[in-house]
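For reference, the chains in residue letters:
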Amino acid sequence: MITLQHYLLLSAALFSLGIFGVLTRKNAVNVLMGIELILNSANINLIAFSRYSSHGLDGQMFAVFVIVVAAAEVAVALAIVLTMYRLLKTVSLDRADTLRR
Amino acid sequence: MSVFDILFCVVALVTVGSAAIVVLSRSLIYSAFALLFTFFGVAIVYVLLGADFLAATQVLIYVGGILILLLFGVMLTHRLYNLDLKTDTFQLIPGMLIAFAVFTSLALVATQTRWNLVPEKQISPTTETIGRLFMQEYLLPFETASILLLVALIGAAMLVRRRSDV
Numbered sequence: 001m002i003t004l005q006h007y008l009l010l011s012a013a014l015f016s017l018g019i020f021g022v023l024t025r026k027n028a029v030n031v032l033m034g035i036e037l038i039l040n041s042a043n044i045n046l047i048a049f050s051r052y053s054s055h056g057l058d059g060q061m062f063a064v065f066v067i068v069v070a071a072a073e074v075a076v077a078l079a080i081v082l083t084m085y086r087l088l089k090t091v092s093l094d095r096a097d098t099l100r101r
Numbered sequence: 001m002s003v004f005d006i007l008f009c010v011v012a013l014v015t016v017g018s019a020a021i022v023v024l025s026r027s028l029i030y031s032a033f034a035l036l037f038t039f040f041g042v043a044i045v046y047v048l049l050g051a052d053f054l055a056a057t058q059v060l061i062y063v064g065g066i067l068i069l070l071l072f073g074v075m076l077t078h079r080l081y082n083l084d085l086k087t088d089t090f091q092l093i094p095g096m097l098i099a100f101a102v103f104t105s106l107a108l109v110a111t112q113t114r115w116n117l118v119p120e121k122q123i124s125p126t127t128e129t130i131g132r133l134f135m136q137e138y139l140l141p142f143e144t145a146s147i148l149l150l151v152a153l154i155g156a157a158m159l160v161r162r163r164s165d166v
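Sequence order for the protein chains is A and B.
The first sequence begins at 1 in our numbering and counts up by one.
The second sequence begins at 1 in our numbering and counts up by one.
You may find that some hints are simply not true.
Said to hold, decoys possible - To give an idea of the chain A side of the interface with chain B (calculated C-beta under 10 Å), a few residues:
no.: 1; residue: Thr3
no.: 2; residue: Leu9
no.: 3; residue: Leu10
no.: 4; residue: Ser11
no.: 5; residue: Leu14
no.: 6; residue: Leu17
no.: 7; residue: Leu32
no.: 8; residue: Leu57
no.: 9; residue: Ala63
no.: 10; residue: Ala77
no.: 11; residue: Thr98
no.: 12; residue: Leu99
In short, the hints are calculated from the structure, not lab data.
Remember, it's a predicted structure, so these values are computed and weren't measured experimentally.
Cβ coordinates follow ideal geometry from the N, Cα and C atoms, glycine included.
Please take these sequences and the hints and turn them into a complete structure.
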């Protein structure tokens, strides 16, 4: 029998994998992929709670807005990555340390 | 175990497995294609949860938009003759520890909490209700989201334009 807990565990696994990707990847595009994983796991949680609670479709509405914000986020983030590539000729995050010098 | 349970287990395994490939693979292209399977897996999870409209939205926006955008990002930020597209990793041990701690705490919260559950509702089409909610209760967030998208569009175009015509 699949219950709410199974969905929560699935999204916890996706979330921690996303955290791992964000923390360990050097390539900026790869970090973005980790962020997408995190947003997807949050969406699974929202929709699971929307199904197993008495609040109607509010959770699904939140998920729609999360998807909208994710689309806006990835567009701006890729613009920043492209600008960084134009300036530094690399997208490796440990090379973007101008402020530290 | 019913057919539904087996289906959920298979989809969850595929989703988590391809998510692991996304964050562990050394090749950017492999990561991007594994992300495709993760997004489809999440869409099927939405279907299992009875969210038909969101499953379609997931496929349209994530697979059709965000993934293509990420692939553009991969292609545009590497010289085209450099075909191996490898990526390096750093902070492996701290990252692993933090990810493990996050997973443990989330799993504990998910399993130990007494959730205030209602009996499973009948699965019904959601698109009409979502449309009504957008035009009534959620009208202000809906308009705000459209302004956010416009701002993001202009901002992204602003960031990547050529500096010569400033």
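Quick rundown of the hints versus the structure:
For Thr3 of chain A, the shortest C-beta to C-beta distance to chain B is roughly 8 Å, which falls under 10 Å, so the interface hint holds. Residue-level restraint check for Leu9 of chain A holds (minimum Cβ-Cβ distance to chain B is 6 Å; threshold 10 Å). At about 5 Å, the closest approach between the beta carbon of Leu10 of chain A and any beta carbon in chain B falls short of 10 Å, and the interface hint on this residue holds. At about 8 Å, the closest approach between the beta carbon of Ser11 of chain A and any beta carbon in chain B falls short of 10 Å, and the interface hint on this residue holds.
Because the closest C-beta pair between Leu14 of chain A and chain B is about 6 Å apart, less than 10 Å, the hint holds. Hint on Leu17 of chain A holds. Least Cβ distance to chain B is approximately 5 Å, under the 10 Å limit. At its closest, the beta carbon of Leu32 of chain A sits 6 Å from a beta carbon of chain B; the interface hint therefore holds under the 10 Å criterion. A hinted interface residue such as Leu57 of chain A counts as satisfied when its beta carbon comes closer than 10 Å to some beta carbon of chain B; here the least separation is about 5 Å, so the hint holds.
With a cut of 10 Å, the hint placing Ala63 of chain A at the interface with chain B holds, because the nearest CB-to-CB distance is about 6 Å. The beta carbon of Ala77 of chain A comes within 9 Å of a beta carbon in chain B, closer than 10 Å, and the hint placing it at the interface holds. Using the Cβ-Cβ criterion of 10 Å, the hint placing Thr98 of chain A at the interface with chain B is not satisfied: the shortest such distance is roughly 17 Å. For Leu99 of chain A, the suggested interface contact is broken, since its CB lies about 18 Å from the closest CB of chain B, more than 10 Å.
When the structure is compared with the earlier hints, violations turn up for hints 11 and 12 and for no others.
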